[in-house]
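Assemble the complex: chain A is given as a structure, and chain B must be docked to it using the hints.
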Amino acid sequence: MAVKFYGLAHEGKLQGIMKVQTVAHSCRLPEQQGKPLVYIDYIESAPWNIKKLMGALGQPQRFRAVGTRLFEAAVLQSQEEGFRGRLGLHSLPGSEGFYINECGMTPVGRDPHKENLLWCEFTPEQAERYLAGE
Amino acid sequence: MKFNKDRNWLAKRAEQEDRHFISVGGLISRIDPEWQPDVSSVSNVEATKTAFVRLLQLARRERRLSLEQLAQKVDVDLGELVKIEADESFKPTPRTIHRLAEFLKHPAKKLMVLAGLLQVKDFGLQQASVRFAARSEPVEDVSPEEHAALEEYVKFLNEQ
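From first to last, the protein sequence lines are chains A and B.
Take the first sequence: its letter number 127 is residue 127 in my numbering, and every next letter is one higher.
Take the second sequence: its letter number 26 is residue 26 in my numbering, and every next letter is one higher.
Next comes chain A alone, as it looks inside the complex (with noise of 0.2 Å):
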């Protein structure tokens, strides 16, 4: 399937989305350039989920992990597609360290067809890495 969408659901509303598309992109790292990979067009999870913008209010955010699970879910499905685990987005500015420092992608380049947003990129061995809590 070229694309798909995720809803994680809870309490009968939805709590986080995520779009995925497994043809329009492909890896640009060198190593793996050319190679499919699933790539992560929209990823978002409900406002009173996200704790810096919930604290700002000075309320408690509902669930956390949101994100977590539906980035988990898509690597899991890089790798039930024979992707081995490789992942591809362009992060917004604000979340370029969230990608880079805790998920441990590897941050490919500016994409100027694309606002100029980073490119990001998971190899087979940092996907296992993820998954393995590492």
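These are computed hints drawn from the structure, not numbers from a lab.
Even glycine gets a Cβ: it sits at the ideal position worked out from N, Cα and C.
Treat each hint with caution, since some may be false.
Label-pair distances were calculated between CB atoms; the ranges are [claimed, not checked]:
| # | chain 1 | residue 1 | chain 2 | residue 2 | range |
| --- | --- | --- | --- | --- | --- |
| 1 | B | P144 | A | G133 | 51 to 61 Å |
| 2 | B | E62 | A | H113 | 28 to 38 Å |
| 3 | B | K83 | A | P107 | 28 to 38 Å |
| 4 | A | G82 | B | L58 | 45 to 55 Å |
Just chain B now, kept in the frame of chain A:
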């Protein structure tokens, strides 16, 4: 699909996620467009709201950014930014305020107060906001860019 059931793994990843915004693509307003934070106890002070709008306008103009460019830079809905600047009774979403705060390098909580999403008893902030609102009323001539935009819009209206 076999998700990781290790609680330690999930706790660590949740901790990492909590330190960041991990959105890609900006669909958040479509998850629940009706959602508003619980601000039932908030009473908006008019002067702080005016100060918030002026702050945003001046900060944007100092950086020579149009509303469209600002919306792209901070990844918020352009329509919402237009409403913020044009309608002082409009209540922006918390995410938009947070994104603006990060971009402008202002404390998010203070911007939430100015935007009317949070109530804090801060007489100093209210006074400063009144003074700023009064002093920042625009009196300068229309700039060449504003004039060009105005001409284009008037031409469009006359062609309809």
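Each hint, compared with the structure:
no.	hint	result
1	B:P144 <-> A:G133: 51 to 61 Å	holds, 57 Å
2	B:E62 <-> A:H113: 28 to 38 Å	holds, 29 Å
3	B:K83 <-> A:P107: 28 to 38 Å	holds, 35 Å
4	A:G82 <-> B:L58: 45 to 55 Å	holds, 54 Å
Checked against the numbered hints given earlier, this structure breaks none of them.
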